[in-house]
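*Asks:* These protein sequences, in sequence, are chains A and B.
Residues 4 to 442 (this note's numbering) are what the first sequence spells out, left to right.
Residues 36 to 418 (this note's numbering) are what the second sequence spells out, left to right.
It is worth saying that the hints were derived from the structure and are not from the lab.
Since no wrong hints were added, every one of them can be taken at face value.
So the derived list for chain B, only partly shown, Cβ under 10 angstroms to chain A, looks like this: (1) I146; (2) V162; (3) Q341; (4) F367; (5) E374.
If you want the footprint, here are the derived chain B segments under chain A, 3+ residues with CB under 8 angstroms: (6) 102-110; (7) 171-181.
Restricting the straight-line Cα-Cα distance to at most 27 angstroms, the calculated cross-link-like pairs of lysine-lysine (BS3-like) are: (8) A/K231 <-> A/K277; (9) A/K164 <-> B/K379; (10) A/K164 <-> B/K350; (11) B/K69 <-> B/K186; (12) A/K259 <-> A/K269; (13) A/K26 <-> A/K259.
Note that the Cβ used here is the ideal one computed from N, Cα and C, for glycine as well.
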Amino acid sequence: MALSREIKERSIRRYKEERDWFKLNLEAAELLGTEEGELSARLLRILLEAKERVVDAVENDKPFIGGYFCNAPEIFTSMGLPWFMVMETPFLAASAPFILEDIDGAEEMGLGSDLCTAIRLPIYYIENNMMPIPTCCLGLIYPCDGAPMLHQVLMHNSNWKNVPLYSCDPPYTSDERAIRYFADELREMTRFIERHTGAKLDMDRLVEVCERSNRVYTIWQEYMEVRKNVPCPHGWEMGGAQCFAISQCFDVGNPKSVAWFEQLIKVAEDRIRKGSGAQTKEGWREKVRLFWFDIMPYGWIFEFMPWLEEELGAVIVNDMFGNFPYSLIDTSSEETIYYDLAKRNLVDAPMIRQARGTAENFSEDIRRIVRDYKVDVVIWPGHMGHKDGAATVGIMHETCRELDVPFLHVGLDLFDKRYTSIDEVKDKVVTFLEGHGFV
Amino acid sequence: METRLQSNAFRQCAEAAGSIMNPHLEAWLAGGGKAAGYFCSTVPEELLAAAGYLPFRMRGTGSDSTELSDAFFSSINCSFPRHVFNQALRGAYDFLDALICINSCDHVRRIYDNWIRNVQATRFSTVMSLPRKVGERQVAWYYDEINLLRKQLEEHLGIEITDDAIRRAIHLQNEIRGLQRRLYEFRKRERPPITGAETLAVMVAGTCLPREMYKELLGELLEDLEEAEGGGDYRARIMILGSELDDPEFVRIIEEQGGLVVTDSTCYGTRLMWVPVDESEEDPVRALARFYVQSRPACPRMYGNQPERIAFTRKMAEEFRVDGIIGERLQFCDNWLVEHYMTKYDLREHGEIPFLQLDREYILSGKGQIKTRVQAFLETIEG
Ligand code: SF4
Ligand code: SF4
Numbered sequence: 004m005a006l007s008r009e010i011k012e013r014s015i016r017r018y019k020e021e022r023d024w025f026k027l028n029l030e031a032a033e034l035l036g037t038e039e040g041e042l043s044a045r046l047l048r049i050l051l052e053a054k055e056r057v058v059d060a061v062e063n064d065k066p067f068i069g070g071y072f073c074n075a076p077e078i079f080t081s082m083g084l085p086w087f088m089v090m091e092t093p094f095l096a097a098s099a100p101f102i103l104e105d106i107d108g109a110e111e112m113g114l115g116s117d118l119c120t121a122i123r124l125p126i127y128y129i130e131n132n133m134m135p136i137p138t139c140c141l142g143l144i145y146p147c148d149g150a151p152m153l154h155q156v157l158m159h160n161s162n163w164k165n166v167p168l169y170s171c172d173p174p175y176t177s178d179e180r181a182i183r184y185f186a187d188e189l190r191e192m193t194r195f196i197e198r199h200t201g202a203k204l205d206m207d208r209l210v211e212v213c214e215r216s217n218r219v220y221t222i223w224q225e226y227m228e229v230r231k232n233v234p235c236p237h238g239w240e241m242g243g244a245q246c247f248a249i250s251q252c253f254d255v256g257n258p259k260s261v262a263w264f265e266q267l268i269k270v271a272e273d274r275i276r277k278g279s280g281a282q283t284k285e286g287w288r289e290k291v292r293l294f295w296f297d298i299m300p301y302g303w304i305f306e307f308m309p310w311l312e313e314e315l316g317a318v319i320v321n322d323m324f325g326n327f328p329y330s331l332i333d334t335s336s337e338e339t340i341y342y343d344l345a346k347r348n349l350v351d352a353p354m355i356r357q358a359r360g361t362a363e364n365f366s367e368d369i370r371r372i373v374r375d376y377k378v379d380v381v382i383w384p385g386h387m388g389h390k391d392g393a394a395t396v397g398i399m400h401e402t403c404r405e406l407d408v409p410f411l412h413v414g415l416d417l418f419d420k421r422y423t424s425i426d427e428v429k430d431k432v433v434t435f436l437e438g439h440g441f442v
Numbered sequence: 036m037e038t039r040l041q042s043n044a045f046r047q048c049a050e051a052a053g054s055i056m057n058p059h060l061e062a063w064l065a066g067g068g069k070a071a072g073y074f075c076s077t078v079p080e081e082l083l084a085a086a087g088y089l090p091f092r093m094r095g096t097g098s099d100s101t102e103l104s105d106a107f108f109s110s111i112n113c114s115f116p117r118h119v120f121n122q123a124l125r126g127a128y129d130f131l132d133a134l135i136c137i138n139s140c141d142h143v144r145r146i147y148d149n150w151i152r153n154v155q156a157t158r159f160s161t162v163m164s165l166p167r168k169v170g171e172r173q174v175a176w177y178y179d180e181i182n183l184l185r186k187q188l189e190e191h192l193g194i195e196i197t198d199d200a201i202r203r204a205i206h207l208q209n210e211i212r213g214l215q216r217r218l219y220e221f222r223k224r225e226r227p228p229i230t231g232a233e234t235l236a237v238m239v240a241g242t243c244l245p246r247e248m249y250k251e252l253l254g255e256l257l258e259d260l261e262e263a264e265g266g267g268d269y270r271a272r273i274m275i276l277g278s279e280l281d282d283p284e285f286v287r288i289i290e291e292q293g294g295l296v297v298t299d300s301t302c303y304g305t306r307l308m309w310v311p312v313d314e315s316e317e318d319p320v321r322a323l324a325r326f327y328v329q330s331r332p333a334c335p336r337m338y339g340n341q342p343e344r345i346a347f348t349r350k351m352a353e354e355f356r357v358d359g360i361i362g363e364r365l366q367f368c369d370n371w372l373v374e375h376y377m378t379k380y381d382l383r384e385h386g387e388i389p390f391l392q393l394d395r396e397y398i399l400s401g402k403g404q405i406k407t408r409v410q411a412f413l414e415t416i417e418g
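Can you make the complete structure from the sequences, with help from the hints?
*Replies:* This is the structure:
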């Protein structure tokens, strides 16, 4: 059923505002005059191109997809389909000026304040027709309880009711049987996309995309090796989040993404050669190597992260998005491609990797990162949406005790600075670091 | 618990529901029987029974604090697992030989991780992988999961769990489901002889008593109810929709205000027993897989069948001539928060039954607030 012009126009309005906000960010990054600024600017240009493709698809009635980074985007990008993430705004534009107002709107709708903000916001957008309505949608029903509930609201909404939706079912285990099952779910997903968009999967093209994405993953892994250096060549401004955005969201298997990663590692290696670390401003140096075990606090990142580095010399050497096994895709047959895509998307993808299965992933990641990155302290921010993580706090604490590395659990909302005020978060971090003699 | 019911069978059920240990469980253990704890209504308890266990649905009954489990969970976790785990750390579950967990929700699934690291008394523990979707591929996945559990239990106990034993366990549980449905039939009356709080106690008892014996008790209770006088002194007929509700006291508070609870869709209520396991299926494990993934009335933890869930709610409300629905929810539960949001919308959209969302803690607190909100709700219903 075709959507009316009015519904379509309204559905894309917020998306365009977001795009325009990113344009402002691009201008700011271009003015920075730093290597991080240049890398950010290139990333933002790639991101804006992806956004323009979606706007164009909406305005000109071309097929496009609502999808996720862990739905094997190699498949639908190789089919040439533009796509966006249903949960894109909280993860990418959480510091945009309209976010707090939208969060309040969600609360007023009766979604309370204990539901993950990354879930509340998309529900608010869907229910108020503030999100592009795609030709078909690939849902996400893991790693948390919120995600499947969000997609059930999507099916329930009157504008989205007729949007075909397919979600891959996630096993709780990660063994071969689980990966094969998930690979079958991905095969079904491919047939679903073909059925609803008219696009066809060309295996040669998929091989090409996977090989390019393998190249990206290989450089990413090399880059993460480089980050083990003391001092770390990059801080919060460049790392897991940016690598993730390019490799898994906006430029999957594209030559530009390879070029971006090549520049990234070149900058990092140059710094190591020069013996300099992440310090982009005069007057501070790396004093504490920190493992921030979650995604970045996107809603208030600029009010917190520079402070962390410049005031305390605390450098985030790794975080949840920079920390996974980077499995490569064996492109020798269709069978191996689907198997490896299933593994990459079910077992490796950031956040999915930690939160989907048993708590071993938390403790093993902490062990590996603390050891390999010479980490001084582990901070579990304790995002209000990460309830499985909240129930793993004792295990994380115990793991850190065994490693003899201090552990801090804060308790905050990564997207909403009013949940725990930034001052309170800062106080907790300072008290913690002081208590362990780091500042 | 307070009751007007003159029934020895009811008294025994209420006693069993009122604590973790009960005299019949004690006797079972003393006679050399073993008990297996399980989380959530999607663990196939029939398999545990076929292995010779007394299946015990995990509860936190009797807990008054979370002082021990607070080191493992956080303040944003649902109070149900926090209280159950606290009880476990206090040793209240040391009688379990086995614990079967499932990836039911973000809170409960972590009990497994914390349990294996901190509760030494349990000899066997595992976590099952329950799919989210409800299609044929998911039935096949869960079929394999149940067979895996069967193999693990066989190894652990050194026995063979035969198809016949599973069939017998299914048959017994289906008989129990049938009797429970008959119990609910009494509640359709204008003057039901049993209250909602009393019914809940009977349902909870069905998850912690030896099942043969529970079946006998249910039979006796049904006979007692034939004789019993009904109570007609209420302001509205209420349905409860929600989750892990095992505390009759919560229902009693609603009933004290004049809202007689006549039916439900909860984890200890109709969702357990409204539909039987298909006994005509040749492979009993396949029958269990299909039942737990597909055919039993689902909770929102399963994905994609909200239309069926709201249809079930409407069907219950209609059959039991319900005047208002109370959607209870444990704080921090994402599943039920969003489910109630959609239910409220659906009911309002069709100008149907009034709906009240009531957040609560697992161990009853804020009774005054619950009373006030229920009173206001009853006034709305009465117009
Ligand atoms: S941020 Fe965490 S809790 Fe929120 S949607 Fe993502 S995985 Fe779920
Ligand atoms: S009430 Fe919700 S959060 Fe609590 S145990 Fe049940 S499903 Fe999990």
